[in-house]
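J.: Okay, here's what each chain looks like letter by letter:
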Amino acid sequence: MDPVITSVLVPTLCVGGCGLASAVALGIADKFLSVPEDPRVQAVLAALPGANCGGCGFAGCADYASAIVLHGAEASLCAPAGSAGAAAIAQVMGQAPGAAAERKVALVLCCGDETEAVRRAHYNGITDCAAAHATAGGDKACAYGCLGYGSCARVCPVNAVRVEKGIAAIDKEACIACGKCVKVCPRKLVKLVPASAQIHVLCSSKDKGPAVKKVCGTGCIGCHMCAKKAGDAIVMDGSLAVVDYAKELKDTEIIAKCPGHCIRKA
Amino acid sequence: MKTTSSPFVFSGGIHPAYHKGLSAGEPIRAIDLPPHLAVPMSQHLGAPARPVVKHGDHVKRNQLIGEAAGVISAPVHAPVAGKVTGIGHTAVTAAGRTCEAVIIEPHTPADAETLAPIADWPRADKAALLARVGEAGIVGMGGAGFPTKVKLSPPAGKPIDTLILNGAECEPYLTSDHRMMLERAEGIRIGAEIIRAVLGAKAVRVAIEDNKPDAIAAMEKAFAGMAGDVAIFVLATSYPQGAEKQQIYSVTGREVPRGGLPMDIGCVVENVSTAYAVFDAVVNGQPLTHRVVSVTGDAVNTPSNLLVPNGASYADLVAACGGLKCKAAKIISGGPMMGFAVNALDVPTGKTTSGVVLLSAARAATSGYTSQACISCGRCVEACPMRLIPSEISQFVEADDIEGAETVCIMDCIECGSCAYVCPAHRPLTQHCRRGKALIAAKRAAAAAKR
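Protein chains in written order, with numbering that gives the first Met the number 0: chain A, 0 to 265; chain B, 0 to 450.
Chain B extracted, bound-state conformation (with noise of 0.2 angstroms):
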């Protein structure tokens, strides 16, 4: 095992204000059990899955509640025992959308089952550890929520030779990552050397940002007695360094084809809590059904790192750490370059819930964004990690040119929100992107169902 500074550096990328030192010391505690949880059933990236408790059901905790429904899709669990009282809606979530949500009144006696655990999981069978992955209800847990079974199981013609485990948390405030890298590195470990089993890959690459010198050393530590090709890639503090494309390119060098996918250049990145949640679910038959959020933001009291069970309200979570200090102004749902504003804390949490910012009207710019034309500066063109040109595709998107955005690579854009931190002009230009890309997908999507 060796510990080496990245030798590559992605083109473009900013350096925002990362606010971690709010919550980076708080040691992660467990909330109390909220009243009720309302466990959505799309926690991931595809098909919802389907309820399978009615109302009224009793269910034991890490009991089966909601079945995977296709491929592309993951199985839910209950966090807690307790009692069915609805199959609802949730609140309108930080995608915009609402799901369908397992109501659940947590009772006594807290009765659980769990997932018979694969003790000896060096000699078991490749296709029971990844029958198990997708069991347990494992999904990519930086945030897209990708399904992991699906990850780890690469088509014949794509032999994966290098795993990357994702612990560069470039997104400024968040600090759950940083926490599991500190209190479970054993577990991020033995998950690590699941995988690398599962996929049958030679090297295992450690990434984590500079600006997290204690998370490198107790991954050392951890990761020292690892066999084989292992080693510990200390990156440059620069965001999006934590974008899966960008960190291949900053560890291995190789560059993933416009439209590809990080396999077609022999490489699957994990998110180091995921990799803890694959531990978990191998050696203890712990199903996904908690994980690790940062409440934090100047609005917050005591920013914290709570071991959460999905299904508890953005409410709770708030008041676990002891309630608002003033008039949270923008209440972001995941970290402040890529995730959501959300408009109401009785949001549900999720296996891709990473954090949640509170902010109060001083820190947070709530009117800060303008129509106002582009001024051709060529910043945005600067700071993008893509080499796209976001003025050119935001001024396509007004004008409602979709053909236009397309040939300007629009779809390759990876929505980091690079370029409208630094716009001067303050043209909300990720926001634009992020239309014309959902128009182009309805357009593909009708051009699909024609056919």
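If we strip away everything but chain A, and leave its shape as in the complex, we get (with noise of 0.2 angstroms):
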């Protein structure tokens, strides 16, 4: 037989025929072995927004995507996609939208930056929060302040933390609001909030005012002047005002007003 026959022809045979008798197995095995998937997965998937932050509790999108078809789980705990994602998953699911929930960003409820600020001691050791405040309570005179060495930062799936002059500060148009970082603060100052909302407390001190004056110049002294003017979008947990974000809060005044300087817009 001719060299080129038996050399070309004969393997290209030989592994094409391979490959039609392999395909016919697999088309026959699909047929009685297929695992149906839902299609419904894939759906929400896509309404998914694919970031893998972990911020709605589960492994990733593709997770969250099964759990949600398979296992019941929520549709809105996915805080990067919104309420707009929410309800293209309610409708991929055949339910009635819940309630539009409002986009929400984390805060971190401290302004005593350095220069406010009084640091009692010099710390030396790991640059990280929980290190630092397990060294007899953090270097900050403060009990409550933040302590600025940046575990939120470093936990921040999409980097929307900065520390700056000694305390963290999270870029509010970034934030995606996955809460990782309101879980490793060891202080717990960082608190997830309504995007929209616009005035603040940005102080977690429960100190009386005088102790508060004493360690930091922007702290809350509990002198409940911003608990009258605002209604009851602002309360007093003791000596500290907080802010009610379900009330609407307009009265921009009050930031001028507040003696501690720690009433701010963000």
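No lab work stands behind these hints: they were computed from the structure.
Check before you lean on any hint, since a few could be wrong.
[What the hints assert, rightly or not] Pairwise CB distance ranges, derived in the manner of DEER restraints: (1) B:A444 - A:T251: 41 to 47 angstroms; (2) B:A444 - A:G216: 37 to 43 angstroms; (3) A:K187 - B:S370: 46 to 52 angstroms.
[What the hints assert, rightly or not] In silico BS3-like pairs for lysine-lysine, Cα to Cα no more than 25 angstroms straight-line: (4) A:K182 - B:K449; (5) B:K449 - B:K436; (6) A:K171 - A:K264; (7) B:K436 - A:K179; (8) B:K442 - A:K190; (9) B:K436 - A:K182; (10) A:K190 - A:K205; (11) A:K182 - B:K442; (12) B:K442 - A:K179; (13) A:K187 - B:K449; (14) A:K179 - A:K103; (15) A:K213 - B:K326; (16) A:K187 - B:K442; (17) A:K249 - A:K190; (18) A:K171 - A:K249; (19) B:K1 - A:K187; (20) A:K207 - B:K53; (21) A:K179 - B:K449; (22) B:K1 - B:K201; (23) A:K190 - A:K264; (24) A:K190 - A:K207.
[To be verified] Sample of chain A residues at the chain B side, in silico, Cβ under 7 angstroms: (25) S65; (26) A120; (27) G124; (28) T126.
By construction, the Cβ of each residue, glycine as well, lies at the ideal position given by its N, Cα and C atoms.
Combine the two chains into a complex, taking the hints into account.
T.: Structure representation (structure tokens):
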């Protein structure tokens, strides 16, 4: 036989034949052994942002999508997708869209930066807030204030946190409200607040006025002035003013009036 | 009774500068009564005591002011007669926490009560002696503060054959146990006899490092007349010779199994000061309300060994030492190796406060630690007395890989500080271990709560 035929045609036919036989076998196997996947999983996954931030509590977007479809997880847990995403998922699942969840952002409730807050000691150790906090309560004189060692910045999946002048600040536009910084802060200073909220009390100190003044130039001294002016939109928790974000707060005058200089726009 | 030098040497360990000469020659002296005492309710390992007095009460000296709140807990007694002016919170203590504290303003008359002395203790019931150790609020005075009653009640299947009295005092600077051995040797001996009777142990070993020849001589004299298998063990001066597991190995050649306790291999280790507290409680009916604290360091005018009522603040102690020579750049509660830095002098003393070390800026390395990369030199591995690999553990913790840290046995770390002491890259290795252990403990607690 022609050597060209033996060296080209035979191998081609052999490999092609094997491929064809395998294709037929796979086709049959697909028919009989197929695992039906719920097509809604893919549809839900398409409605999710694909950031895999884990803020919903599941291991990434695909895990959350299958949890929604197969195990009935709530459709509104994805903060980056927001209310539009939740509505899209509800549509895929044939549910009535829930009340439009408002977009939230994380906010550090402390404004005592290095120019205002007193440091009572020099900390020399691991650059980690929990480690600093565990070393005799941290180096900041205020037992409630931001330590500024950036544990929140390190866990942020979208780099929305910067440590500036010794305290953490969160970029409102970049934040996806995944809640990781809320969990990691050893002093529980980070809170998720509605993105539309303008006015905040940026202090978490539960100490009384004189004690606060001793350690920080921008702390809440518990004077009740804002609570009186803002009606029920600011409530007092002991000697700390706390914004009730469920109520509307429009009176921007209280910012200038706060003697502690801790009510700010953010 | 015989004196022998120890035939066993634990692996690893370091030889830091000891600086004990600052206060070793200072006899124990009582401090003037401070204007008020903030007696912490948590001076021991385990559940904090529950206050049983209230604002405005008048308490007698030695009166119970906090009752034990569980099995692993210890009662607290009033160190002075006085008026309770409040139940507040302590300043952040060395452990990084605050706890409830009974604030007492001393007054005259200084009326007192005591527990009934058990004068005939050699013939007393074991259970009665054990109960006395519990009601007197005795805890391990070496530093950890484990309730002594619990330590002295091993379960039935674990017979104790050896009682080791820990007089090693391997921490640099501290001299409180040293002075106790010199000045209260007889009480320590009687305490040891009582503990031996409670445990039913055959052998008593007194372990002292060879850098304290005067203490060795004093203990030889005191223990000379003690019947039974008694020996003074002279240990090589090496840190951490006073750590429980290392000391058991140095004295008996036995190793505590991983995750186990000394009682698993028939040993109980008690600090010499704890033995004295047992003597005081049984023979004199005196609950544990005072202790000897070394106040030392190059920033202190007259380094001293002070007999201090629990609840006195570090500021009171410094005042009793003639104040400070210069600004203290570092204040350490306990010794410099295993103690904790504190950032104020309003911290109250307790049953476990063996020393306060105040160092000047010239002496203290306040900016020494870095978070730079490990250079893989292996010195920490040579230094680790637990035969761990601190470099690897620290890198797992830095990467927040807790499971990884567990695979390299982070939970076996005794936090002695030897690795960080020798690290040429000045990595805070011990702090990484502490942080990792805290994360694992939190994770395990969360898992247990779920179950």
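J.: Run the structure past the numbered hints and jot down the numbers of the failing ones, going up.
T.: The structure breaks hints 3, 19, 25; every other hint is satisfied.
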